[in-house]
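Following my numbering, the numbering of the sequence shown begins with 1 at its first residue and continues without gaps.
Since the hints were derived computationally from the structure, they do not count as laboratory data.
Hints may contain errors.
For each label pair, taking beta carbons as the anchor points, the in silico distance ranges come out as [claimed, not checked]:
no., residue 1, residue 2, range
1, D113, D16, 35 to 43 Å
2, E31, G240, 34 to 42 Å
3, A27, P249, 46 to 54 Å
4, D16, G166, 14 to 22 Å
5, N192, E172, 19 to 27 Å
Here are the computed lysine to aspartate or glutamate pairs in the EDC-like style, where the Cα-Cα straight-line distance is at most 20 Å [unchecked claim]:
no., residue 1, residue 2
6, K117, D295
7, K269, D113
8, K59, E142
9, K59, D227
10, K60, D177
11, K60, E131
12, K59, E131
13, K59, D295
14, K60, D227
15, K117, D177
For every residue, glycine included, the Cβ atom is placed at its ideal position computed from N, Cα and C.
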Amino acid sequence: MPFNIPTINIAPYLADPNSAAAAQVVADVREACVTTGFFSLVGHGVPQELQQSMLRGCKKLFALPLETKRVLRPPGPLLNRGYELIGTQVLQPGARPDLKEGYFIGQHVPYTDERAKRHPLLVGENIFPAELPDADLRLPAEAYYLAVRRLGCTVLTILAKGLPYGEDVFAEFMDNDPLCNLRLLHYPPQTNVTEGDNNNGNDNGNPPQLGAGAHTDFGAITLLYQDTAGGLEVLDQATGTWVGVPPDPAAYVVNVGDMLSMWTQNTYKSNMHRVINRSQTDRYSLPFFFDGNLDARLAPLDGSSAAVPADSSGHNAVLTAEQHILARVGASFGLAAYAGPGPAVVAAAATPAAA
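Using the sequences plus the hints, can you model the full thing?
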């Protein structure tokens, strides 16, 4: 069967979730998730002007001087807010650092709030550069964040309806202030990419350096909005080849993340993907990561324990969403204190000074 990333229009579902047309949307989304793990989503209801406003703000942010951007970091241990210097992350083991710079935005939670005190590494305050007017970045970012979070909840409900566990199976995961991260990314043009790298090195035998190395996403689902430069590639597991995803200004590229794959024991596929900016221009993208309730347990939804790895005592160790996210973030950003197994991550998270 040819590798295919389908385009799915969810407008019929939004109009009437109980209609026959909505049932077809559920079936189409399920088929995409059990095969490639990716689909292109249209008819989503997020205003295109809001999307374009976010892209304009993204470009203005990254156009700021480096000395301005690099101080836009949280004052404490918070990991997922503010500026990410180019080359900070290594998503693909064995590759050189990723050729992208980033900026993290989430739900603004005051540091004095109990939620921030409980989760000091992942919950806290946003940072916006004083050099940009609120209308250029902060206001569109806040509106966009809420709009895509609502869309993410809709997509998760559709995904739940494609499973045999009831349409409310993800309700608690979506409630109680779910962790979501809006990440602004800038990929400069790559002039030294060869087709021969294929994850193993380029034609000179050097490790590859990609815009974003081959990886699966950490959370439940990702909703990606991107400009027209292109560069996203998804792995066809059957052939081992990379398939480009053409950009569509009307669409979100949605993919299954690791947490959803863990819950469904890989019924829903979390697929490898990467970014290579082969265009002759800068690439800007807005991935929205839905990581959910941090206390959610990542045990199989069918109640089985066979797929849960054992801890050092021989018992099945079920990670929470927070433990899983911290371990994956720590590994890709080189933060040894958070890159170990779950229990070690919890200990580290309880000690903010360790960050």
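Now for the hints, and whether the structure bears them out:
1. D113 / D16: 35 to 43 Å: The hint (35 to 43 Å, Cβ to Cβ) holds, given that D113 and D16 are roughly 38 Å apart.
2. E31 / G240: 34 to 42 Å: violated (22 Å)
3. A27 / P249: 46 to 54 Å: violated (27 Å)
4. D16 / G166: 14 to 22 Å: The hint (14 to 22 Å, Cβ to Cβ) holds, given that D16 and G166 are roughly 20 Å apart.
5. N192 / E172: 19 to 27 Å: violated (47 Å)
6. K117 / D295: holds (14 Å)
7. K269 / D113: Distance of about 36 Å is beyond 20 Å: violated.
8. K59 / E142: This hinted pair holds, its Cα atoms lying about 17 Å apart.
9. K59 / D227: With Cα atoms ~11 Å apart, K59 and D227 stay inside 20 Å; holds.
10. K60 / D177: violated (29 Å)
11. K60 / E131: holds (10 Å)
12. K59 / E131: holds (14 Å)
13. K59 / D295: Violated. K59 to D295 sits at ~35 Å, over the 20 Å cutoff.
14. K60 / D227: Distance of about 14 Å is within 20 Å: holds.
15. K117 / D177: Given that 20 Å is the threshold and the Cα spacing comes to 14 Å, the pair holds.
Hint check: violations occur at hints 2, 3, 5, 7, 10, 13; the rest are consistent with the structure.
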